[in-house]
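Participant: What follows is the residue order along each chain.
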Amino acid sequence: MEAAVSDLVTITPGLPVEIGRIEKELGKLWEESGDGKTRASLINLAIYTESAAAVDRNTELIAQIATEHACRAILIFANRTAAERGAKAWINAHCHAAGKHEICSEQITFQLDGDSPSALTNVVFAHLDSDLPLCFWSQAPFREPLDSRLWSWIDRLIFDSNDWDDPAAQFALVRKIATLGEVRTALCDLNWTRLLSLRLGLAHFFDNACALPYLRQLDHVEIVHAPGARISALLLLGWLAHQLDWKLDSVLGRHAFRAPDRREVTFEFVMRPGACISSCRLAAGDASFQLDRAQHDQFYHATMSGGRFEASSQLLPAGRDRITETLLMELSRGGRHPLYLKALDAIQPLLAE
Amino acid sequence: MPPSSPANPLREGLLSRSAPEPCSLVIFGATGDLTHRKLVPALYNLAADGNLPPSISVIGFARREKSDEQFRAELEEAARKFSRQKINDELWPNFAASIFYHRSEFTNLAGYESLAARLDELDAHRGTRGNRLFYLSAGPDQFPIILENLRKSGLNRAKEGSWSRVIVEKPFGTDLPSAIELNNMVEGSFREADTYRIDHYLGKETAQNIMVLRFANAIFEQVWNARYVHHVQITASEPLGVEGRAGYYDHSGAMRDMVQNHLLQLLCLTAMEPPTDLSADAIRDEKVKVLRCLRRLAGPDVAEHVVRAQYAAGSVNGRDVVGYLDEQNIPATSQTETYVALEASVDNWRWAGVPFYIRVGKRLPKGATEIALHFKSVPPVLFRQTSQAIDDNVLVIRIQPDEGVSLRMSAKLPGSSLRIEPVKMDFHYGTSFGKATPEAYERLLLDAMAGDPTLFARRDEVEEAWKFVDAIRAAWDSGEGGPLANYSAGTWGPDEADELVKRSGAAWRRL
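Chains as they are written, first to last, in numbering that gives the first Met the number 0: chain A, 0 to 352; chain H, 0 to 510.
Everything labelled a hint here was simulated from the structure, so no lab data went into it.
Quick caveat: nothing in here was measured; it's all calculated off a predicted structure.
Virtual Cβ for every residue (Gly too), placed ideally from N, Cα, C.
Any given hint could be a false lead.
Derived DSS-like pairs: lysine-lysine, alpha-carbon spacing no greater than 25 Å straight-line [said to hold, decoys possible]: (1) Lys99/A / Lys423/H; (2) Lys36/A / Lys23/A; (3) Lys423/H / Lys23/A; (4) Lys423/H / Lys36/A; (5) Lys375/H / Lys423/H; (6) Lys80/H / Lys99/A; (7) Lys85/H / Lys27/A; (8) Lys423/H / Lys27/A; (9) Lys27/A / Lys87/A; (10) Lys37/H / Lys80/H; (11) Lys501/H / Lys423/H; (12) Lys85/H / Lys99/A; (13) Lys501/H / Lys365/H; (14) Lys36/A / Lys99/A; (15) Lys99/A / Lys365/H; (16) Lys341/A / Lys175/A; (17) Lys375/H / Lys37/H; (18) Lys37/H / Lys85/H; (19) Lys411/H / Lys23/A; (20) Lys37/H / Lys169/H; (21) Lys423/H / Lys411/H; (22) Lys23/A / Lys87/A; (23) Lys99/A / Lys246/A.
Cβ-Cβ distance ranges computed for the label pairs, FRET-style [what the hints assert, rightly or not]: (24) Leu14/A / Glu498/H: 56 to 66 Å; (25) Arg262/A / Phe81/H: 45 to 55 Å; (26) Asp164/A / Phe81/H: 47 to 57 Å.
With the rest of the complex left out, here is chain A:
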């Protein structure tokens, strides 16, 4: 977690503006920029942080996101420890060349001082680009009480479960948000998104007709994860368990899964610096299916060996292990993620450990 910030913090993400004049000042910004620039917006992308240090980082991230997802970006820095309540705003634009045109997205940055839960709904949401979906990325932990008015405005709730100090409590709140009346918020855990290429890679092994029978004979799963990425490993394990109908079985303090044929499936997590998930190995007797990835490598090295199939080694795209790419992937995919909560159910008892 980022350290709490003081009242003296200063941020300068663009041109300072009075909150009541934001739309007018944005209009002026476009008038002054001439005809060569085109303002575009497909979504409202709101990012909520409680860290002053994250403002610059997020502004840079928004600039990169805007090259593929034209948006109105609203960056909210909640300075909750400030003694006095207050709000400040800045505006700027992120432009990139697209053929003859320059395409621009707007960013409005708010600093909300003091602990005022209503400020978020009152001040910030008054500046949404109307009728466009709202993707809200909360970089701070969720807290009770949950304001159902706030969540009912959000179409896609983005979060990264790897950032949480207390995943069990946070997942419980996320589930609550998803079931609030009238709410149709899609839950988008970036941790789940970054597992997509890994899940595709594992699925690829068993597209091979000779390898497919081993899927029902798996007896061990080994996942190597980076420090702080245990939840990624758990979600991956939960996905496997759900897809293969394994049930968690805890005997004498030891966890394992039971397959539908009563076979025991053991698992092991190894923590090692490197990529979020640097290795995942599925074993069925002598047969082994393994994805390995070095840190910053764009590919998984997929190897299968030992069974009654031809041993092979291939490269599979892994994408870049960077938050910008993960967020872009999430925004591109859209839709809901029906398997996410099911994967979570499969490993629920392990979350608190």
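Given chain A's structure and the hints, the job is docking chain H onto it.
Facilitator: Chain H alone, transformed into the frame defined by chain A:
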């Protein structure tokens, strides 16, 4: 239907589209232009995006002597030139390892038998489940012998639990009898459900978006009919001439090259009724109904409703260009049309009385493909004092380039007097979605591997389209269809085409 391959439970719910299944893709005519420019770059891009089953095998089948390594080296060079993504030096060797070359004459049955043995071997090594996808990328004159030998060698028959499909490149015949002959020939080897006739226009994002625009937006579907639409214009213009395709083009002409397939497909997507669901057959059923409702133009009607023309010398993009008859390898007496404008009528409840104007031409001022719905005028009651005509609303779907949708409407000019001017609401794919869209061939290859024929033409679609086109061509051949007009290269076509639309009070859009 043969039983499908056993399901991989890890695939369930992973992607929102049908997953392509591992298979051996055999390309007939593997040393040709299409393979180099389109197919292999498309396959590479799919692999780089993680969309291609890693165990896929790509086998080039062609006459020339060469090794797997030579073939891979040639394809690498082509992919580096034509791929939309930069070739990754680490990934290419991995991808190339799935490419093989099989040398044989198309006429040599033994070559197919040895291909079958090789595919079995690859199945065993790569786990491709006996699934086969044959891509006929050779000249259409080679299709019969290829199909016959596929049948004789048993390659057309899928093994238990697997599938065998064929992709046929256009042209799907040169007229109705030849299309029927080709379809019968294909049907002699492959079931219709396993036949994928490729029309790359249908793989374009914007063509796919037509259905979404119409059926996912309540405001459009309400006005998408004869009550509100005055006429529809479908345009495909290009500044290019015949560009080395003289032999093919002079036999084909604009009507067969563009109207019979691409433009009638766009017309179908524009005019069709909502399908019962999004299944391939439900959508194609509706498209066929449109073709059946097209009023047949024959005899003297053709002269009244169709204009054909050929370009004369002129200037395109500031460069002087020769006329069609002076192009290399074009006979001096050629009567081939390089431009067609026609007025089609869709005789059904929804479109009764609405002209669908189609125009296509070479050596026009710029390249553009679009569909424009021109709406009827408002009653001339309220604003008749304003001494100016109010422009009608126009909804334009731009297929290429600058894919997007725009709507023209009228607005009051700021000021104390009432002046009405047209304004445009414009949605550009490129502006809103920065990400490069996949090439049409990527989508279509993926669909064929996944067994989804939605974006491929069905036999009855092809044959119905030929019926419409053949009747016009017959009138031209008999002399009843009117003379071949001329237009200068770099202009928007002959005056006769302007006259054609003027009759309904319309004018061609200024693109």
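Participant: Is Lys85/H close enough to Lys27/A, meaning Cα to Cα at most 25 Å?
Facilitator: Distance ~40 Å between Lys85/H and Lys27/A Cα, so the pair is violated.
Participant: Starting from Lys36/A, check that the Cα of Lys23/A is at most 25 Å away, please.
Facilitator: holds, 18 Å
Participant: Taking 25 Å as the top limit, are the C-alpha atoms of Lys99/A and Lys365/H close enough?
Facilitator: holds, 17 Å
Participant: Assuming the hint says 56 to 66 Å, is it satisfied by the Cβ distance from Leu14/A to Glu498/H or not?
Facilitator: With a Cβ separation near 57 Å, Leu14/A and Glu498/H satisfy 56 to 66 Å, so the hint holds.
Participant: Below or equal to 25 Å on CA atoms is what counts here, so check Lys37/H against Lys85/H.
Facilitator: holds, 15 Å
Participant: Measure nothing beyond the straight line between the CA atoms of Lys80/H and Lys99/A; if it is 25 Å or shorter, mark the hint as holding.
Facilitator: Satisfied, since the Cα-Cα distance of roughly 24 Å is no more than 25 Å.
Participant: Compare the distance between the alpha carbons of Lys423/H and Lys411/H with 25 Å, and conclude whether the hinted pair is satisfied.
Facilitator: The hint holds at about 13 Å.
Participant: For the pair supplied as a hint, Lys375/H and Lys37/H, confirm whether the alpha-carbon distance does not exceed 25 Å.
Facilitator: The given pair, whose Cα atoms are some 42 Å apart, is violated under the 25 Å limit.
Participant: If you draw a straight line from the CA of Lys99/A to the CA of Lys246/A, is it 25 Å or shorter?
Facilitator: Roughly 57 Å between the alpha carbons, so the hint for Lys99/A and Lys246/A is violated.
Participant: Has the given pair, Lys99/A with Lys423/H, been kept, meaning a C-alpha gap of at most 25 Å?
Facilitator: Roughly 19 Å between the alpha carbons, so the hint for Lys99/A and Lys423/H holds.
Participant: For a C-alpha distance cap of 25 Å, please report whether Lys341/A and Lys175/A respect it.
Facilitator: holds, 15 Å
Participant: Measure nothing beyond the straight line between the CA atoms of Lys423/H and Lys36/A; if it is 25 Å or shorter, mark the hint as holding.
Facilitator: holds, 17 Å
Hints 7, 17 and 23, counting from the list given before, are not met by this structure.
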